[in-house]
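Number of protein chains: 2
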Amino acid sequence: MEIEIHLAKPEDRKAPNFDKLVFGKIFTPHMFVMKYEEGKGWHSPKIIPFSNIELHPAAIVLHYSQTIFEGMKAYFGVDGKIRLFRPFDHINRLNRSADRMCIPQVDPNFAFEAIKTLVLLDKDWIPKQKGSALYIRPFIFATENTLGVKVSHEYLFMIILSPVGPYYAEGFNPVKIYVTEEYVRACPGGTGEVKTGGNYAASLKAQAVAQQKGYTQVLWLDGKERKYVEEVGSMNIFFYFSDELATPALSGSILPGITRDSVLKLASHLGIPAKERKISIDEVISAIQEGRLKECFGTGTAAVISPVGEICYKDKPYVIGQGQTGELTKKFFDYITGIQYGEREDEFNWTVVLE
Amino acid sequence: MEIEIHLAKPEDRKAPNFDKLVFGKIFTPHMFVMKYEEGKGWHSPKIIPFSNIELHPAAIVLHYSQTIFEGMKAYFGVDGKIRLFRPFDHINRLNRSADRMCIPQVDPNFAFEAIKTLVLLDKDWIPKQKGSALYIRPFIFATENTLGVKVSHEYLFMIILSPVGPYYAEGFNPVKIYVTEEYVRACPGGTGEVKTGGNYAASLKAQAVAQQKGYTQVLWLDGKERKYVEEVGSMNIFFYFSDELATPALSGSILPGITRDSVLKLASHLGIPAKERKISIDEVISAIQEGRLKECFGTGTAAVISPVGEICYKDKPYVIGQGQTGELTKKFFDYITGIQYGEREDEFNWTVVLE
Ligand SMILES: Cc1ncc(COP(=O)(O)O)c(C=O)c1O
Ligand SMILES: Cc1ncc(COP(=O)(O)O)c(C=O)c1O
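Line by line, the protein sequences give chains W and L. With our numbering as the guide, the letters of the first sequence map in order to residues 79 to 433. With our numbering as the guide, the letters of the second sequence map in order to residues 79 to 433.
Next comes chain W alone, as it looks inside the complex (with noise of 0.2 angstroms):
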């Protein structure tokens, strides 16, 4: 498949200044959209001129969002180059995405395609300071028109692009945690282990009481027994106990972070004992009130790794490492941007040059 390509106005193009960025609320000048209907498949990828798209007021997406997504980024490097992050992880994750959403897959290679070509159309909208990037936002959702609940037969797969700046308002500093008892995300058999926008409507309310008390994002518990630490808000975590570092297993309910991996083969190559197991909510309180939770940090596209300095348990704050950023984290932090930046070689075959 050709992508048609409509280029925007000369005057839209031109990049702003990019010291202000607030994550995901500006822009490029261009996005790419693509049809599906049943019996003709995917068809017509466009690259246009960035703008509003029309929906039948009983478009699915709007009634039973049945709709998937994926967030990955491209950073310019110090060496002038273009850098994706793991990008057919990413969209191999989408497939997933697809498969338990009932949504058409996309041929990879063609999403690739689609991503680089409006990658590089927009590379001037790239920031270039470190910490920022240009976050890719694929998405896909249900545009047939009906009220009945069923796998509609036409969608639109999106590509849209946003300079972000670093995530946490705090920069690289210890977030704070809440744990949720009340609020469940995700359990078996339901769709945490996928993107899909259903899991983080979920997550709003948890996300808003742990804001009332201070907190940034919450940590959540697994459905069945509200005993096992899953994740945290957009990202995995990691406990660095005294002899090991730990994250919680994929258990179903678990998004599987390519952070998350990223970090477990870091781990292994650095010669770190790493284990995927479970870890229960008490084992990190006690852990911590005797001083055996030496680190915590959170993995995600967004923040690429945040310390966590905080944790709330029972409206009780633990705190992680006095508050500080630990050695570990700041490593696996230095590794990981090192090769997203092109400061350091990429032993892992992670990033993708495009050009």
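Hints listed in this document are in silico derivations from the structure and should not be mistaken for laboratory results. Check each hint, because a few of them may be wrong.
Treat identical chains as interchangeable: a pair holds within one or across any two.
[Said to hold, decoys possible] For lysine to aspartate or glutamate, the following DMTMM-like pairs were computed, each having C-alpha atoms within a straight-line distance of at most 25 angstroms:
#	residue 1	residue 2
1	K118	D90
2	K356	E259
3	K302	E354
4	K124	E82
5	K103	E132
6	K302	E405
7	K98	E116
8	K228	D393
9	K228	E259
10	K291	D393
11	K98	E232
12	K124	E368
Take the given structure of chain W and dock chain L with the ligands to it, following the hints.
Frame of chain W; chain L with the ligands shown alone:
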């Protein structure tokens, strides 16, 4: 607030032939739209010609599914009057959904006015045949554009109307339902007890499996133990055991159906012992095997009462009441639809006549 009305062109207002109605595929000439903006609240309510809407590609509803809806009906009575069935119960449930999904509530009286004005404007589109009705779909979705996962500061409240025939293609004939052990719709602490899109998106895969095996709907078990019956597709479920009518107690992950509540009230009125309690799938299967399950039916606005003639569990089919519609099932159906179509006195004050 005054509702601004813009009429559709006369040629678009002529009602078509209602012979072959498919659920939720055709819409009346007008729709209701009202905006919400943080700081301003709900404002600018309008009834305008039915048309596509415009959305920013980063509108929260497309990515994070912050959306809620209701479904109720207007019936054309044997006396020529138009009746709504328990409209304030639907509006109050919409507000409970709003609360869970961090969406601003609407004023119930104003929402009723909006529904009433719209239905009366398009009253020629209410099909007159018994079993048919005008389906009313109020829905609210997040329109703020940002890729950050957050509660939207902007919403659209819309109401659209669709003339519908009987929900099930099979008509008032027993449906066959399939127990899924693999998939879970909702769990305690999640969003199962409100009408938000994510619950329905999560159900599509199990629904597809059921349909492949020749079943109409999925029977959901509880997310925690996968042992207790919760509900069916978009209906609540009732079992008529030898000595008792029973329906699953509201567990926190079951939608509190208004038809369910009507059946409970009606049963009590008719002197039939009815219980809300935990019902395990094992109890149901044993009761079928031992001939103690006399009848089984689903309840919901779309189908009102839907007899269940077969349950498939662990890939074995279990036939209920020889696959025929039971007497009590029929009695509830006749009683409730009798009230809805103005054929019998409404002792419960469930209907509101629009004039
Ligand atoms: C719920 C959730 N968990 C974890 C992650 C981290 O995944 P990744 O490292 O692939 O960005 C994300 C973000 O993508 C997420 O939304
Ligand atoms: C999941 C679910 N359960 C049950 C029901 C039945 O509820 P009600 O009787 O209020 O229509 C519905 C439909 O509204 C539903 O979507």
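Right, here's what the structure says about each hint:
| no. | hint | verdict |
| --- | --- | --- |
| 1 | K118 / D90 | neither (34 angstroms within a copy, 31 angstroms between copies) |
| 2 | K356 / E259 | both (18 angstroms within a copy, 23 angstroms between copies) |
| 3 | K302 / E354 | both (19 angstroms within a copy, 23 angstroms between copies) |
| 4 | K124 / E82 | within (5 angstroms within a copy, 38 angstroms between copies) |
| 5 | K103 / E132 | both (20 angstroms within a copy, 18 angstroms between copies) |
| 6 | K302 / E405 | neither (34 angstroms within a copy, 39 angstroms between copies) |
| 7 | K98 / E116 | between (44 angstroms within a copy, 23 angstroms between copies) |
| 8 | K228 / D393 | between (42 angstroms within a copy, 23 angstroms between copies) |
| 9 | K228 / E259 | between (33 angstroms within a copy, 20 angstroms between copies) |
| 10 | K291 / D393 | within (9 angstroms within a copy, 48 angstroms between copies) |
| 11 | K98 / E232 | between (38 angstroms within a copy, 23 angstroms between copies) |
| 12 | K124 / E368 | neither (58 angstroms within a copy, 62 angstroms between copies) |
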